[in-house]
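Q: These are the residues of each chain, in order.
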Amino acid sequence: SQQGEEDPQALSIQEGENATMNCSYKTSINNLQWYRQNSGRGLVHLILIRSNEREKHSGRLRVTLDTSKKSSSLLITASRAADTASYFCATAPTGGGNKLTFGTGTQLKVEL
Amino acid sequence: DGGITQSPKYLFRKEGQNVTLSCEQNLNHDAMYWYRQDPGQGLRLIYYSQIVNDFQKGDIAEGYSVSREKKESFPLTVTSAQKNPTAFYLCASSETGAKNTEAFFGQGTRLTVV
Numbered sequence: 002s003q004q005g006e007e008d009p010q011a012l013s014i015q016e017g018e019n020a021t022m023n024c025s026y027k028t029s030i031n032n033l034q035w036y037r038q039n040s041g042r043g044l045v046h047l048i049l050i051r052s053n054e055r056e057k058h059s060g061r062l063r064v065t066l067d068t069s070k071k072s073s074s075l076l077i078t079a080s081r082a083a084d085t086a087s088y089f090c091a092t093a094p095t096g097g098g099n100k101l102t103f104g105t106g107t108q109l110k111v112e113l
Numbered sequence: 027d028g029g030i031t032q033s034p035k036y037l038f039r040k041e042g043q044n045v046t047l048s049c050e051q052n053l054n055h056d057a058m059y060w061y062r063q064d065p066g067q068g069l070r071l072i073y074y075s076q077i078v079n080d081f082q083k084g085d086i087a088e089g090y091s092v093s094r095e096k097k098e099s100f101p102l103t104v105t106s107a108q109k110n111p112t113a114f115y116l117c118a119s120s121e122t123g124a125k126n127t128e129a130f131f132g133q134g135t136r137l138t139v140v
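The listed protein sequences derive, respectively, from chains A and B. Taking our numbering, the leading residue of the first sequence gets 2, the next gets one more, and so forth. Taking our numbering, the leading residue of the second sequence gets 27, the next gets one more, and so forth.
These are calculated hints, taken from the structure and not from any lab test. It is possible that some hints are incorrect.
[Claimed, not checked] 25 Å max Cα-Cα, derived SDA-like pairs, lysine to any residue:
{"no.": "1", "chain 1": "B", "residue 1": "K125", "chain 2": "A", "residue 2": "D67"}
{"no.": "2", "chain 1": "A", "residue 1": "K100", "chain 2": "B", "residue 2": "A87"}
{"no.": "3", "chain 1": "A", "residue 1": "K100", "chain 2": "B", "residue 2": "R39"}
{"no.": "4", "chain 1": "A", "residue 1": "K100", "chain 2": "B", "residue 2": "D80"}
{"no.": "5", "chain 1": "A", "residue 1": "K71", "chain 2": "B", "residue 2": "N126"}
{"no.": "6", "chain 1": "A", "residue 1": "K100", "chain 2": "B", "residue 2": "G84"}
{"no.": "7", "chain 1": "A", "residue 1": "K27", "chain 2": "A", "residue 2": "A11"}
Remember, predicted model here, so these are calculated numbers, not experimental data.
This is chain A alone, in the form it adopts within the complex (with noise of 0.2 Å):
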């Protein structure tokens, strides 16, 4: 079953700006991981926050995570048209391994 809904579908920002996409799921979890996917290829890792952390960065990425609303946000600062690419967040449920469960995805398109 799909866990994650993301919002917004599609995403359409310039260079430069900020981008950012949202995430709920449904379950308890141990993990929440973000994911980019560039058309046609598959999908690589980008950061994971653990249930027990709020914020996570990682160079232009900041991720929260809200256990009590069970959502998480990814933003992309000075975004880049390198970055036009769907991005996917994925859970990894409470005693379920390393099973993620994905989302439907936010389609980000960056103009120059």
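Chain A is already provided as a structure; the job is to place chain B on it using the hints.
A: What follows is chain B alone, placed relative to chain A:
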């Protein structure tokens, strides 16, 4: 060069035929996974394996079969029982034991029924 390799990149199947998609990893990961992705959609889990000679059904296992005879390999067979097999198939692997590890993905196989 460590990683996970899927082949072929593109695959065409006639209706009624079985086809097998290959997935090989040299990351020494115990766990391997097969996902299906339809256009504009997220990934749905077909099968997964956490150890050699053992595998479990995911959310959409009907019409698919797998084997895990070697740690490095986790082939997926799309059988004629799968009514709508045209999709993008992604294989992944990860460590087990630790709760917080990432998955590594192959580049995918695009299967088209002709």
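Q: Holds or violated: K100 (chain A) with D80 (chain B), Cα cutoff 25 Å?
A: Satisfied, since the Cα-Cα distance of roughly 15 Å is no more than 25 Å.
Q: Hint check: K100 (chain A) vs R39 (chain B), CA-CA at most 25 Å. Holds or violated?
A: Violated, at about 29 Å.
Q: Given the hinted pair K71 (chain A) and N126 (chain B), is their alpha-carbon gap at most 25 Å?
A: Holds, at roughly 18 Å.
Q: Check the hint pairing K100 (chain A) with A87 (chain B) against an upper bound of 25 Å on the C-alpha distance.
A: 15 Å, holds
Q: Run the distance test for K125 (chain B) versus D67 (chain A): straight-line Cα separation, threshold 25 Å.
A: 19 Å, holds
Q: Does the alpha-carbon distance linking K100 (chain A) and G84 (chain B) stay inside the 25 Å limit?
A: Roughly 9 Å between the alpha carbons, so the hint for K100 (chain A) and G84 (chain B) holds.
Q: Is the Cα-Cα distance between K27 (chain A) and A11 (chain A) 25 Å or less?
A: Given pair K27 (chain A), A11 (chain A) holds - Cα atoms ~22 Å apart, limit 25 Å.
Of the hints listed earlier, the one the structure fails to meet is number 3.
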